[in-house]
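S.K.: Listed here are the chains, written in short residue letters.
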Amino acid sequence: MSNPSTPRGEEAAHSPAWAWLGLELVATGEGSATVEMTPTEDMANHSGFVHGGMISALADSAMGRSLRTVKPGVVRAMSFDLKLNFINAAKIGETLRATGRVVHAGRRTMVASCRVEGRDARLIATASGTFAVTREKE
Amino acid sequence: MKNAQRAAQLLAGGQDGWMALLGARIAEAEPGRVVIELEAGPQHRHGGGVVQGGVITQIADAAMGMSLATLQEDRIWNTTVELKINFLRPVIEGRLRAVGRVVEIKQTLLFGEADVFDSDGRLVATASSTCLAVPEGQGRE
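Those protein sequence lines, which keep their order, are chains V and H.
Using our numbering, you'd call the opening residue of the first sequence number 727 and step up by one each time.
Using our numbering, you'd call the opening residue of the second sequence number 3 and step up by one each time.
Treat the hints with care, as some may be off.
Straight-line distance between alpha carbons at most 30 angstroms, and here's what the computed DSBU-like set of lysine-lysine pairs gives [said to hold, decoys possible]: (1) K108(H) with K86(H); (2) K4(H) with K797(V); (3) K797(V) with K863(V); (4) K4(H) with K86(H); (5) K809(V) with K797(V); (6) K863(V) with K4(H); (7) K863(V) with K108(H); (8) K86(H) with K809(V); (9) K4(H) with K108(H); (10) K797(V) with K108(H); (11) K809(V) with K108(H).
Covered stretches of chain H (in silico footprint by chain V; criterion: 3 or more residues with CB under 8 angstroms from a CB of chain V, positions within the stretch not fixed) [claimed, not checked]: (12) 12-23; (13) 128-135.
Take a look, some chain V residues computed to stay more than 12 angstroms from chain H by CB distance [said to hold, decoys possible]: (14) W744; (15) G748; (16) T754; (17) T766; (18) G779; (19) P798; (20) K809; (21) I813; (22) A831; (23) G832; (24) S839; (25) A853; (26) T856; (27) R861.
Bear in mind the hints are in silico, worked out from the structure with no lab data behind them.
We treat Cβ as the ideally placed atom computed from N, Cα and C, and that holds for glycine.
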C-alpha cells in the first residue's frame, strides 16, 4: 500500500502498479486528485463484480496522489492506514472515478478521504487513509 | 425517507443516559444531519492533559447514528457495527461540535460520516461508521 516516491513530487512518474492496473490521472486541484480505472475481466471477484481489492488500490492511489498537490511539497508518502466502505457493486468495464482529498496536512502525517464513483456518479465506495509523509522544508 | 418528526423529537428530547454523564447535547437535528455538542473540560481529559479520544468518538458515533435515524421509518432505528476515526489535533477545552451526515442508506446497512470541530471551528477528528437497521425495542426499552 505504498505510493511512488520521488523528490520531484508533482512530476512524479507513476509506479508499475499504476500501469498494471490501468490507472490514469485525470485531474488535480489544490489538495485533490482524480484517478480513473476501467476494470478488466481479470479484476472480477466470485460474483463477477469488481474485486474490492482493486477498488482499494484505486482509492489508495487517488488519496496518495492528492497529497502531492499541497505546499510545502511531499517528497515521500506511505499509507499506514486504509479503510473503505463498499457501498454499491461495480461492474467490469464500468469506468471508476476516484477523487482523493486532503483532510489534514500535518508535518509527519496526512489524512485523506476519497469517493469512488461509477457510471452516472453512482457511489461505489468511500475511503479514508492516513499517510506517513516527508515534506519539503518551507 | 425523511423522518422530520423523529428529528424534532431528538432535538426536543432530554439529556439523559450517556449524554448527561458526558455533558453532551443535541444542538441541531434535521433529516440527514444531526449536530452533537459537548463542553470539553478537565473531566474529559486523560493523563496527558488532552481530551480522551473515546469522548470524541462517542459524540461522533452519536452524530452519525442519529443522522441516519432521521432518514429511517418509524419503529426502526440503527446500531453501530463498525466505526473508524482519525484524530487530527488535540483538544484541551471548549465546545466540541460533532456534525453527522448520511453517506448512503441500504436495505439493512447504513453508512454515516462525521466531522468534529473545536470552538475555533478547526477540524479535530473525522469519522465514518457502518450501522445496522434494527426494529425498535431491541435493547431500546
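S.K.: Does each hint hold? Answer for all of them.
M.R.: Hint check:
1. K108(H) with K86(H): holds, 19 angstroms
2. K4(H) with K797(V): With a Cα-Cα distance of about 42 angstroms, the restraint between K4(H) and K797(V) is violated, given a limit of 30 angstroms.
3. K797(V) with K863(V): Roughly 10 angstroms separates the two Cα atoms, so the pair holds.
4. K4(H) with K86(H): holds, 26 angstroms
5. K809(V) with K797(V): Distance ~25 angstroms between K809(V) and K797(V) Cα, so the pair holds.
6. K863(V) with K4(H): The given pair, whose Cα atoms are some 50 angstroms apart, is violated under the 30 angstroms limit.
7. K863(V) with K108(H): violated, 46 angstroms
8. K86(H) with K809(V): holds, 8 angstroms
9. K4(H) with K108(H): Holds, at roughly 14 angstroms.
10. K797(V) with K108(H): violated, 39 angstroms
11. K809(V) with K108(H): Cα-Cα ~19 angstroms, so holds.
12. 12-23: Our answer is that it is violated, as 0 residues pass the Cβ test (under 8 angstroms) against chain V, missing three.
13. 128-135: holds (count 3)
14. W744: holds, 25 angstroms
15. G748: holds, 27 angstroms
16. T754: Consistent with the label, T754(V) stays out of reach of chain H, its closest Cβ about 22 angstroms off (over 12 angstroms).
17. T766: T766(V) clear of chain H: closest Cβ-Cβ about 26 angstroms, beyond 12 angstroms.
18. G779: Consistent with the label, G779(V) stays out of reach of chain H, its closest Cβ about 18 angstroms off (over 12 angstroms).
19. P798: Non-interface label on P798(V) holds, nearest chain H Cβ at 18 angstroms vs cutoff 12 angstroms.
20. K809: violated, 5 angstroms
21. I813: violated, 5 angstroms
22. A831: It is violated; A831(V) is separated from chain H by about 10 angstroms at its closest Cβ, not greater than 12 angstroms.
23. G832: Contrary to the label, G832(V) does not stay out of reach of chain H, its closest Cβ about 8 angstroms off (not over 12 angstroms).
24. S839: violated, 7 angstroms
25. A853: Answer for A853(V): violated, closest chain H Cβ roughly 9 angstroms.
26. T856: Nearest chain H Cβ is 6 angstroms from T856(V), so the label is violated.
27. R861: holds, 16 angstroms
Of the numbered hints stated above, those contradicted by the structure are hints 2, 6, 7, 10, 12, 20, 21, 22, 23, 24, 25, 26, listed in ascending order.
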